[in-house]
Every structure is written in C-alpha cells, then in structure tokens.
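Residue numbers (the UniProt record's numbering), protein chains in the order written: chain E, 1 to 600; chain H, 1 to 176.
Check the hints yourself; a few may be wrong.
[Claimed, not checked] Mimicking DSBU-like on lysine-lysine, the simulated pairs with C-alpha atoms at most 35 Å apart in a straight line are:
#1 E/Lys-169 - H/Lys-55
#2 E/Lys-169 - E/Lys-110
#3 E/Lys-114 - E/Lys-425
#4 E/Lys-480 - E/Lys-364
#5 H/Lys-114 - E/Lys-110
#6 E/Lys-484 - E/Lys-338
#7 H/Lys-114 - E/Lys-147
#8 H/Lys-159 - H/Lys-55
#9 E/Lys-480 - E/Lys-110
#10 H/Lys-114 - E/Lys-106
#11 E/Lys-114 - H/Lys-114
#12 E/Lys-546 - E/Lys-106
#13 E/Lys-114 - E/Lys-147
#14 E/Lys-147 - E/Lys-169
#15 E/Lys-529 - E/Lys-484
#16 E/Lys-108 - E/Lys-147
#17 E/Lys-228 - E/Lys-338
#18 H/Lys-162 - E/Lys-169
#19 E/Lys-234 - E/Lys-480
#20 E/Lys-108 - H/Lys-162
#21 E/Lys-425 - E/Lys-529
#22 E/Lys-228 - E/Lys-364
#23 E/Lys-529 - H/Lys-114
#24 E/Lys-106 - E/Lys-169
No lab work stands behind these hints, which were simulated from the structure alone.
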Amino acid sequence: MKKLKLLILGAALCSGTAAMANQDLMTKMEDPTQWAIQTGDYANQRYSELDQINADNVGDLQVAWSFSTGVLRGHEGSPLVVGDTMYVHTPFPNIVYALDLNEDGKIKWKYQPKQDPNVIPVMCCDTVNRGVAYADGKIFLHQADTKVVALDADTGEVIWEVMNGDAAKGETNTATVMPVKDKVIVGISGGEFGVRGSVTAYNMADGSLAWRAYSMGPDSDILFDPEKTTMLGKPVGADSGTNTWQGDQWMIGGGTTWGWYSYDPEADLIYYGSGNPSTWNPTQRPGDNRWSMTIFARDPDDGMAKWVYQMTPHDEWDYDGINEMILTDQEVDGQMRKLLTHFDRNGLGYTMDRITGELMVAEKYDPAVNWTTGVDMDPNSATYGRPSVVAEYSTEQNGEDENSTGICPAALGSKDQQPASYSPKTELFYVPTNHVCMDYEPFRVSYTAGQPYVGATLSMYPAPDSHGGMGNFIAWDNIKGEIKWSIPEQFSVWSGALATAGDVVFYGTLEGYLKAVSAETGEELYRFKTPSGIIGNVMTFEQGGKQYIGILSGVGGWAGIGLAAGLTKANDGLGAVGGYAALSDYTALGGQLTVFALPD
Amino acid sequence: MTRPFPLIAAAALMLTSSGLCAAENITMDDPNIAVAYEEDGRYYTDDGVPTFNVKADGTVDWPTFSGFRRYHAECHVCHGPDGEGSTYAPALKQSALTLDYYDFLDVVTNGRQKVDAAENSVMPAFGTNANVMCYIDDIYTYLKARGMEAVPRGRPAKKDRKSDVFVENENACMGS
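Just chain H, with the same shape it has in the complex (with noise of 0.2 Å):
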C-alpha cells in the first residue's frame, strides 16, 4: 500500500516505480543531493538548489529538521508518515529524488489532478498557505533525505540551530 495501484496505474509508472530504481542508482555524490556550498543554515547543490546535510554524528541541518516538522503538520494526512506513501497519495521520499526541484514547487503551489475511473488522486494547490510555502525548501530537503535514507524514519535525533537569518525569514514570511 506504500504505493498504491490507482498510483501505480497512472502516476506512479512515471514517478515512484521509476523512482524505486532511481533511489538505488543515486548516490551521495550525485550532483542533485552533494553539497557544494553552506549560506545561513542552508545546504545547496551547484546548481543552488536545497540540499541536505547530515554529519558523521547523525545531526541534520535545521532547515531539514524544519521540514520533518512541517511535512508531519501539512503533508502526512495525505502522504503518510515519513514520506512513505498512504494507501491514497504517493511517496514523498521517492517524488522528491525523481522530480526536478522546479517541478516539485510547481506541483506543491498550483496542484494537480488524476481523476478518472482508475482513481481520483488530487493534490491541492498550497500556494497561498504560509505554513507549506515558508517551509517549502525545508519540506523539500527533508524529502530528498528521506529518499536518500541519509534520514532515518521517525524524528531526526540531532540538528544544527536555528540560525538568525532562518527565524528573520520565517517571520518575515509568516507573518510576524
């Protein structure tokens, strides 16, 4: 039921089988999950996307961490715990590792339906929620890391502070 047959009929050939193989080819070092530089907290790869981190010791970046948090307030009643999958919505884990970063954000922010007699799978367009937008690359990175099981289920035992820019921008972006 991690993935489910209305999924795997139509999306899921697409995503998350093909997403299966693509988690046991990609590697630490591949150029869409290494890091190649650190700003304010927050891992990117060379092409700037999120990425993230996890030391030798098991403590993960913040934004990371933020993302476990708000993926498990906003995602999992759909998606189940730990981006595992439910019996009606895909796996996070592996969508995070097939879709391109910009495509992620697309589908997050507008939403998209597959509803015909097979299934009825919609996600909504979270665009206009702070609580998913702020934390959107926090969600993302949390994903790929999951996917990569750089993140073990269940809550990260260690992470990185909070850094000064990170609260600025939550206020900023929330609100207050």
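For reference, chain E alone in the conformation it holds in the complex (with noise of 0.2 Å):
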C-alpha cells in the first residue's frame, strides 16, 4: 500500500493525470488470472485472455466446485477473484463472503450488514445486487439502503461507510460501484419512485465526498459548462438540466443511475447512462426531460460533463439508458477510432467516439423494435441525433387513458442490464436480449415521498410474429451496425456474458442453463443445468494453472416478476406450453455459485 501511494506520489508529479491512475487495479484487470472487477476491464469488454478452455474442448466442461450464498432471491453480478480470494456478494441482506482458492473455497471472512427490512419493497424489482468492487486493497460494497461500505480485502473489517442516499424517499440501490483513481464511482436507483438521479464521487481513502452530479437541477447541479459541455458537438447552453422541463418537476424527475459504468484512463473520461425521467406518464412532464436517458462522458475528478447525448428525449415507454458503455478500438473506414457501443433499452445499438460524442451508427439491433423508423444521421438537420417516433405506437400521441398496443420494445427494452461481452478476436459484441413487446396505457399518478410514482399500466408478451420465444442471444457488428446471427430463446437472456481468447462466449439462461457457443458461428458447444435460473454474470479466472468458469444462479429481478408466470399472449414455438410459456415450470429460487473447468 505504502509502496503504491509513494509510486502514484511519485508519477503525478512527472506526467499529470495518467499517473493519477489506479495503476495496482488496472494491473491486476490486465490479468486475466484475476476477475478484479464486476465488467472484465474498465473498457466493459467482459473479455478474457484466457484460451485454456476453448472451442475445442468446451464441451468437456464439468462442475469444479459449487457454493450456496444462503439467499433466495434475484442472484445479478459476479463474483470477484482477487489474488487467492474470491468475494462472492449476495442480493438482500448483502452479505459479503470471502473465500480461499487455495482451500476450496473455505470462508476466510463474512461480512453481513444490517438494513433496515423497509428498503425491501422500495426497491422496483426485487432485491438484486450487482456485486462488490476491489481496490486499494478495499472492497466496495453498496447496499440497497446506498449505504456504501469500504471493507478491508483481507479480514472484512469496516473501514469507512458513508450514506448515499435516503430509502425513506424512495432511493435504493442495486448497481455495483467503479473505482476510479482515489476515487468510488457510485450510482443510486429509484426512478419509479420520483427520485432525482446523480453520481456521487467518495473519496477511497476515507469515504468523504469529492462531487456529485445530477442527472437533471441547474447548471451547478449536473456540473455542466453551458459553453464547453456539448451534445452532438454543439455546447448546450446554459439551464440545459431545467429549460426541457415544466416548473419544477425536474426535482423529482429520475434519470437514475443505476447501470455500469466505464473508464477511458487515457482519455481520463467515465461513461454512464441515466435511466427514465418521472412518471411513466409522458403527458404530466411535457418537453424533452434532460438529462434523463442520456449518455454521459465525465471527468472523474471534478465531475463535469465533457459530452451527453440523449437518446430517447421526452420518455414514452420507460426505456432507462442505464445500460452499460463498452469501449473499443476499432478501424472504422481506415481510420483507428476510440470508440463507445451501448445497447440501449430503446433498442437501438449505438456507436459513437467517445472522445467527442460524435454519433456514428445508430441501429435496431432486434428486428422487432418499432416505435421508432430510426436516428436522424444528418448533421444539417434541425432534428439531428433524435429518432423519429412512429406515432402508432407513441403512448403521448395517443394520450392519457388510451392504451397503446403492440409496441416493441417492452419496458424491459431490448436489452436490461445485462451486459454484453465485446471479443477483440472477432471485433462481435456478443448481446443478451428481449424479445418482448407491450400494450402501455398511461394515466395520471400523484406523488408521494417514497411512494411508487409510475403512472402508466403494462402488458407485456412475447415478440409477435416471431419464433415465440422472449429473447434472443445475437452477436452484433457495431459498425456495420448488424446481427452477424442470433440464437432464440425461450425466456429473455438476462445474464452477462463472457468472451474469451478460447474463441467461446457463455451466458446464462433463465431457465437455469449456462451455455458456450462458437464466438464465431453462434454454435452451442455445451450446456448445464444449475440449480436455479440465471440472472448473473459469467466470470473466469485462472488458478493453479488451470482455467475456471463461474457463474451466480437465483431466479429473481425483473424477470422474476413477469416470467415467473409467464407473459400474456404467449404464441406457440420453441415449445412453449399451453398460453403460457411461465418460468415457474423450468426453475425455483436459491442462490448458488457454481464454478465450471475442464476435467484433469
């Protein structure tokens, strides 16, 4: 610890911000020995280096070694594997285990906070938690009460803990948290509940705040500069976070944050996104609600807002822009380009230059998606970077009291949370999908502090039209902007995937099953049944020489809540059973860890 301190010291003082860096975590992420935070890297490519599991003999595959979590419910995230131990988390009551490699997984500490049960029903879909981070030899934990605690890596001993937010109003947690340089990245969820989103940077050391920004409030709130700050390469003006609202409804406007984030070192930039704007119901909050369901580019040290980009202006549907930013470099017509992808709930992939918000390919990446006809491309035009909604399915045109049908894609877009995976090997981002679409009707709502604020009612069901089933794996070129091939499921994917230098990508099923296919071909290699449907990340780490696979399973989160007995409408195919194909007939609740490798 001394030593890195004095070698950070020592290189901020020769070359500025690079050195500020975090240089023993990027270390230990550019090992692929290690899994030393929730997205692979901080680039979010979930890719590892590791091939000693490949292709060719994926399908030997066998369980290693499994590890109940002794919670039920929804099992989101992964674990971590820092040095000898691995840090498994769980959803409510958040409990931290610290288990030896070296000992089959014997507990070497177990951390369990005490929260308040009245957080549970605050929270929109269940009781997730995305996981732990590492650094500094700390590990993050942020509860679903936002109380974020720093735990000693090696004994589980409190060090700091700082509270975020406040459940009483509505605000929860469910997201992971990034470190970046001496700094937590923290983001806070509660968009159904009329809560203000921001980012809040705590200072690693001890925990006190450095900044914190809003998603929507005065300039000095979202820490923009009205003149530098830009959108699409414009800057935006002053009171961009107030000009697009009505009166003062910006105060209890969402725009959450409760997805992953990412970090260009280089660039010294981090990416997010922020969710819905509040209520579901478009008419009670007319204009384009900014900064809700918008990309941000920020500096990590001060916070402000080098570049935004709203995707989806004035919300209909409730399509968060949560979703993770995955950083790549790729040639793009010759040219080596710093790129951003991120597979937005709306349905669209986007890729854009991370450096300067330029928008550069903007795709339906399920052929379902119709509410809109696309992106406006042309940068002459006085409607530039906004997709034109196709009016049939526009839940505002049709007003309050009517319901709108057959909208693709559903509230849970066309891809969650769930993040995809990105192979340098095949330049394929590899993408967990929905294929559910929805009838929506809004309707007033009223608020109330810590009260549901949604305001619109939903149905949701299998894509019509289509092979039956409610989600899709694709593998997507992002700069062609197209599915190279898709794989159809039964049940929404809901679970990250994992790409590897063995030319392999797995995910996770909700019936239970984690899966590896051809990188290339989409081809399945080998499939087991765990214990409980998948909603977590595939990880892998290497120990002992040998390559190994893990994966939470826990039936649970938003899938859990309309899957579990199954969507309306559901049309026959992939052998779905009787109206509805209900996930209540594949899987039960429990929490398990099972760790996969090749037989000796």
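Combine both chains into one complex, guided by the hints.
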C-alpha cells in the first residue's frame, strides 16, 4: 500500500493525469488470471485472454465446485477474484463472503450488514445487487439502502461507510460501484419513486464526498459548463438541465444511474447512462426531460461533463439509458477510432466516438423494434440525433387513458442491464437480449415521497410473428450496425455474457442453463443446468494453472416478475407449453455459485 | 415460482396454499362474491363488501377495470402480472379471496413484514399513496375477479362506462 502511494505520488509529479490512475487495480484488471472488477475491465468488454477452455474442449466442461449463498432472491452480478481470494455477494441482506481459493473455497470472512427491511419493497424489481468492487486493498459494497461500505479485503473489517441516499424517499441501490483513481463512483436507483438521479464520487481513502452530479437541475447541480459541455458537437447552453421541464418537475425527474460504469484512463473520462424520467405518464411531464435517457462522459476528478447525448428525449415507454458503455479501439473506414458501443433499452445499438461524442451508428439490434423508424443521422438537420417516433406507438400522442398496443420493445427494453461482451478477436459484440413487446396505457398519477410514482399500466408478451420465445442471444457488428447471428431463446436472456480468447462465448439462461457457444458461428458447444435460473454474469479466472468459469444462479429480478407466471398472449414456438411459457415450470429460487473447469 | 418457496415456508402455508383450496371451493354464489346490489356503477355483496360484476358478454364493471389498471401500475412490479405472483411476492388473486376485505385493506394501508432467516418479504404501507388508496376497492375487486377467474389474464376486453359519481370521487380523492 505504501509503495503504491509513493508510486502514485512520484508519477503524478512528472506526468499529470495518467499517473493518477489506480495502477494497482489496472494491473489486476490486465491480469487474466484474476477478475478484479465486475465488468471485466474498465472498458466493460467482459473479455478474457484465458484460452485453456476453448471451442475444441469446452464440451468437456465439468462442475469443479459450488457454493450456496444462503439467500433466495435474484442474484445479479458476479464474484470477483483478487489474488487467491474470491469475493461473493448476495442480494438483500447483501452478505459478502471472502472465499479462500487455496482451500476449496473455505470462508475466510463473512460480512453481513444490518439494514432496515423497509428498503425491500422500495426496490422496484426485487432486491438484486450487482456485486462488489475492489481497489487499494478494500472491498466496496454498495448496499440496498444506499450505504457504501469499504471493507478490508483481508479481514472484512469496516474501514469506512457513508450513506449515499435516503431509502425513505425511495432512494435505493442495486448497482456495483466503480473505483477510479483515488475515488469510488457511485450511482443511485429509484426512478419509479420520483428520485432525482445523481452520480457521486467518494474519496477512496476515507469515504468523504468528492463531488455529486445530478442528471437534471441547474448547471451547478448537473456539473455542466454551458459553453464546454457538448451534445453532438454543440455546446448545450445554459440551464439545459431545467429548461426542458415544466416548472420544478425536474426535482422529482428520475434519470437514475443504476447501470454499469466504464472508464477510459487515456482520455480520463468516465461513461454511464441515466434512466427514465418520472413518471411513466409522459403527458404529465412535457418537454425533452433532459438529461434523462442520456449517455454522459464526465471527468472523474471533478465530475464535469465533457459531452452528453440524449437517446430518447421525452421518454414514453420507460426505455432507461443505463445499459453499459463498451469501450473499444477499432478501425473504421481505414482509421483507428476510439469507440463507445451501447445497446440501449430502446432497441437501438449506438456506436459513438467516445472522445468527441459524435454519433456514428444507431441501428436496431432486434428486428422487432417498431416505436421508431430510426435516428436522424444528418448533422445539418434540425432533428439531428433524434429518433423519429412512430405515431401509432407514441403513448404521448395516443394520450392519457389510451391503451397503445403492440409496442416493441417492452419496457424491459430490447436489453436491460445484463451486460454484453466484446471479443477483439472477432470484433463482435455478444448481446443478451429481450424479445418482448407491450401494451402501454399511461394515466394520471400523484407524487408522494417514498411511494411508487409510476403512472402507467402495461402488459408484456413475446414479440409477435417471431419464434415465440422472449429472448435472443445475438452477435452484433457495431460498425456496420448489423446482427451477425442470433440464437432464439425461450426466455429473455438476463445474464451477462463472457467472451474469451478460446473463441467461446458464455451466457446463462433463465431456465438455469450455462451455455457456451462458438464466438464465430453461435453454434452451441456446451450446456449445463444449474440449480436455479441465471440472471448473474459469467466470469472466468485462473487458479493453480487451471482456468475456471464462474456463474451465480438465483432467479429473480425484473425477469422474476413477469416471467415467473408467464407473460400474456404467449404464442406457440420453442416448445412453449400451453398458453403461457411460465418460468416457474422450469426453475425455482436459490442462490448458488457454480464453478466449472475441464477434467484433469 | 408463482408461489415462491419463502412464502410457502411461512405466509403461504396460511394464505397461498389454503387459497388454492379455497379457490377451488369458492363458487360465484359465495356470500363474499355474489352481487347483492349496485350503487353508481360499483357492486357490493350482502355485507356491503365491494365485489365485481362480469356480464354474460364479458363486460366488466368500471371499478374492476380501473383496478386492472391501477394494479398494473402500483402492485405488479412485485406481485407479478394479473395477480399471478412473482419470484418474491405472493399471488394476490389468491390473497383477495382468502383475506377478509378489512384485513386486505389493513395490509395495504399499514404494510407488514416477514423477515427472518428463510425469507425477507416486506409489504410496504401504502396508506399515504393516493394512487393506491383512491383505487383500493377497484384493486380489491379486480383481484377477487382474477381469483375467481371471472376476468381472464390480460386487459379486460369490454368495460362499463365510468360513472359520474366515480369521476367525482376520483377527483376529490386525487386532489383536482
């Protein structure tokens, strides 16, 4: 630790920004034998250089060991592996286990916070948690009640803790945090409770507040420079976080920040997206509702926004923009470009220049998407960068108390938070998707602090005139904006993918299968049915010269709401039983980690 | 998963599983179900407890339709579509049949907790939430209709018109 600080100090003197980077964490992220951050690396590629398990032998995969978390609700995220220790987290009550990989996963320490159970029902969609983070010898846990805790990675002792929000106002947490340099970047949930979203940076050393940037509000709240912060190359101007709202509605404006965060150390920018504006009834909040549904690029030191892009102005469907931003360096038209690729809930796959915020590609990554005919890509147009909304599917134009039918995708989005992966070998993105459509009827709703503030009713069903299933697992070309191949799935794919140098892509399914497919063709190479449905993310690590694959099972989350009983109007296909393909016919609750390896 | 394990472990022994039996035994002439009289578009049992009314052609009374909408805004994120339950909250279409009307009101208004080693199920108190409380009778009759399968899953196809008294009450309750 001392050594590291000296190193940082020394380097900082000579070369400024880059030197401030958290070298210890970056070294661990670059080491494929470890899994030091939920997202695989800062770029969110979820790609591993490990190739002991590969397309030729993955069919021989076996369960090496397993671990019950002792908790029944939905298990999102994944374990971390740092050195010889694996860190496993659970949904509420947010237990953290440190397992000794040298002793068959013996429990080194266990941390169980005390939280007020009243936070449980304030969480919109189950009590999921997307995992802990590691940096500087600390494990960072962001609890359901928004308390951020730094634990000693060796002993589990609390080093510091800080409350990020107030659960009594509906502020909760489901996300992991991202350690960057000497700070921890922290988001917030509660868009269905009229929470005003924010991103907060705490100092890693002691948990003191460094900065907070709201998603909407005055420039001083959203940390925008009206002259320097740009959208699609143009300065946003003054009061951009309030002037597209009626009155003071921005104060309960939503735009929460519960997704994944990425970081480009060279550009020194963090990237994330904001969620839906509150309420779900668009008629009650006229205007573009900036900066909900927005991609942000911010300076991690002071939080100032460099550029933004609002994908879905004036949301009418709950298409949160929080999904991960995957950072890649790829050749486009003969030039190396620094790209950001984002699969939005709204069904569009965006490719942007992550330095300038230029929009390069915006194409549908599910052919079922119908609410828009596409994004205006003409820089000279007055509506540059805006999606063109199809009137028939506009819940705003159809109006309050009208049921808009056949909208694709459903509020779940063509993809929710379940993160995609990217293989630099194939230059393809592997994307877990939902193939679900909806009817949506907005109506008047009144705001009470700490109470749901929804204002719409909706029913969801598998995409009509398709394969009958509710999901696809696709390979996506982010430069052409095209699907390369697509695997139909009976249920939404709610598990984060992993691509490896072994030319294999892994993902989990809601029935509980861990699947391995060819990175090139999508051909299935392996499947194993774990004890419960999978909404966790696949990870990999190496221990004692052997590569392992780890996955959390434990069905739940938003997927556990609609799919447990089956969605309405299910049509035949993929062997759907009867009228409804009910997840409860396939799997039951139970949190378990399963670790796979090749036989000796 | 419609009836999740933790709930079977505790509450469901009492509510859900007995609800299943109840649903099989309860008939449309049950005193808690049968319509005794109508007032301004809302239907009541002999005891003055709100109930649903579905005509032969499938037309549902307006309050029950309203209950369908409000349920899917306020309740379904935990209790699943159509009162069917989720992986972590019970199927209310059963609870509406097995719980007495006044107990139902009590749980919605004041909430309740079942938190122990086996489960962590918490029903919040909705007493101050106009979006729930102004429509609580609607939600109740909708769930009762679902429990009796008098209304199928999904959006009811036909509904009575909203009565003037309903509009008046709604405006008074929601504050406009």
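Restraint check for H/Lys-159 with H/Lys-55, where alpha carbons must lie at most 35 Å apart: Between H/Lys-159 and H/Lys-55 the Cα gap is close to 9 Å, so the pair holds against 35 Å.
Restraint check for E/Lys-425 with E/Lys-529, where alpha carbons must lie at most 35 Å apart: holds, 29 Å
Pairwise hint evaluation, H/Lys-114 against E/Lys-114, where the allowed Cα distance is 35 Å at most: holds, 16 Å
Restraint check for E/Lys-529 with H/Lys-114, where alpha carbons must lie at most 35 Å apart: Holds - the C-alpha atoms of H/Lys-114 and E/Lys-529 are around 31 Å apart, at most 35 Å.
Satisfaction of hint between E/Lys-480 and E/Lys-234, Cα-Cα up to 35 Å: holds, 26 Å
Given hint E/Lys-425 paired with E/Lys-114 - CA-CA distance at most 35 Å: violated, 45 Å
Given pair status - H/Lys-55, E/Lys-169, alpha carbons within 35 Å: violated, 43 Å
Proposed proximity, E/Lys-169 with H/Lys-162 (alpha carbon, max 35 Å): holds, 34 Å
Given pair status - E/Lys-106, E/Lys-546, alpha carbons within 35 Å: holds, 18 Å
E/Lys-228 paired with E/Lys-338 [C-alpha distance capped at 35 Å]: holds, 20 Å
Hint consistency between E/Lys-529 and E/Lys-484 [alpha-carbon to alpha-carbon, up to 35 Å]: holds, 27 Å
Hinted pair E/Lys-228 and E/Lys-364, Cα distance within 35 Å: At roughly 31 Å apart (the allowed maximum being 35 Å), E/Lys-364 and E/Lys-228 satisfy the hint.
Consistency note: the structure conflicts with the earlier hints numbered 1, 3, 9, 20 and 24.
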